[in-house]
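K.L.:
Assemble chain B onto chain A, guided by the hints.
Number of protein chains: 2
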Amino acid sequence: MKILKQHKNFDGHTCFWSHDSAETKTEMKFSTFVPHGEIKGCIIWLSGLTCTDENFITKAGAQRILANEKLMVICPDTSPRGLNLPGEHDSYDFGSGAGFYVDATTPGYKDHYRMDSYVMNELFTVIKEHFKTPNVSIMGHSMGGHGALVLALRNPDKFKAVSAFSPIVNPVAVPWGQKAFKGYFGEDQNLWKGHDTCELMKAGRKHNSKILIHQGTADDFLEKELKTSHFVETAKTSGQDFEVKMCEGYDHSYYFISTFIEEHIKHHAEYF
Amino acid sequence: MKILKQHKNFDGHTCFWSHDSAETKTEMKFSTFVPHGEIKGCIIWLSGLTCTDENFITKAGAQRILANEKLMVICPDTSPRGLNLPGEHDSYDFGSGAGFYVDATTPGYKDHYRMDSYVMNELFTVIKEHFKTPNVSIMGHSMGGHGALVLALRNPDKFKAVSAFSPIVNPVAVPWGQKAFKGYFGEDQNLWKGHDTCELMKAGRKHNSKILIHQGTADDFLEKELKTSHFVETAKTSGQDFEVKMCEGYDHSYYFISTFIEEHIKHHAEYF
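Chains A and B are the protein sequences, given in the same order.
This note's numbering puts the first residue of the first sequence at 1, with every later residue one more than the last.
This note's numbering puts the first residue of the second sequence at 1, with every later residue one more than the last.
If a hint is listed, it holds; no wrong ones were tucked in.
Residues from chain B that face chain A, not an exhaustive set, calculated with beta carbons under 10 Å: (1) H7; (2) F10; (3) H13; (4) Q63; (5) E248; (6) S258; (7) E262.
In silico BS3-like pairs for lysine-lysine, Cα to Cα no more than 27 Å straight-line: (8) B:K193 x B:K206; (9) B:K210 x B:K40; (10) B:K70 x A:K266; (11) A:K59 x B:K2.
What the hints contain is simulated information worked out from the structure, not anything from laboratory work.
We put the CB at the ideal spot given by N, CA and C, even for glycine.
Chain A on its own, in the form it takes in the complex (with noise of 0.2 Å):
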């Protein structure tokens, strides 16, 4: 693990690492933030389409609340980088900058896009032994939210809490994750169903918290990729705590996620 920068901000650290990755088998940047002192536990932060490390720990506004909360974050980067796969970089919502948090299984993908094992394993390991904590949770934007919901459901005991913002909650259902789950498991829809929200509580996946999540009313992608109200109806029937925030006027954007980002780490603290 190498300190790429590391800059002091309300009285902790803000910082950008580079590693080596097993599981990718390619180098990965990820970004933290660790408070000053003791801290109670980790939340790992997954980014959404197009996004790097860099994107929530610059515009999120969440140091001062982590440091209050005596939390840290950490951020991987949202694919691995430095490959030429075929198709890797043609668009914006598959490949580079668009991991999805699967294991891939197609050709040539499935020997690098291995970002489940990456957060699950990788980063985790990062968290107990670097950090020293063994407390997790995990939240997320978008393909992010997504990434949170989904590992959170998968492996219920390794998260204390998880939340969303804008979250692909049915991405068996809508074009973003159609594209990338054909692009990352093929036509097997059995492998698409594993990696999806809905899927997972129907087939009675639960988490053990209240799962949090905000939606801007004027998101773009709210009616076509994201389908909240799937979402709502699914944990309604399978019986899944949760509460859903529409956010009159707001959009999908960091302005977004900046406002609402205290309600989200003050729910992920009262779990630690």
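P.N.:
Below, chain B alone, put in the same frame as chain A:
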């Protein structure tokens, strides 16, 4: 005035604008955050070298505090754009991205690099006529901290308060200032002194508020370019009310600014 982008944010709006400037004879951009409801006044934020209208509004985490204090902020770009003057794009510390908030007198530059008049005339008109508030204060970072201090000392009645992060306080005595002032004013050192915080205080200029400055001790530019101690000595001698806070371990970045922006905005709010 055209709105380029608008995002709901902390119940108000973060917006990006462009307009035709009569002072610079170019299209100029600026950003704003305006809280919901009645506002008490407007803070002008001046950015540092290489910045645009975007840095502060995306990275400083100011909107939450501005919304609480019922203050708006307006952040102009740091120079005219879209020109091709001799030497304008050759270095990061002169020309584009480096207007230094002065009215140039050198050939070519004198027709466009009029950032002093752009702020004091056109931006003030925008604040009064479009945003409907007569109450204005000013703050900035590095080159923009220089701009805030100099404009406030040259026009004390126009600003209710003034503060700065890591300001260049004595440009006539440091490489950044000497290079810029030579380029914008030529060799006439009397013109240079009219835009130097320390020289203005020595010549009897004062601001009626307490000038607040935060400066990181781990700032790479402190010794060579910023020279905070020159401000402290001159302000003491000249009787200017001030508070300079040296912040242990903090650098020149927006992580530093975001840590202390709440203190600056609350300081300004006391004068509105």
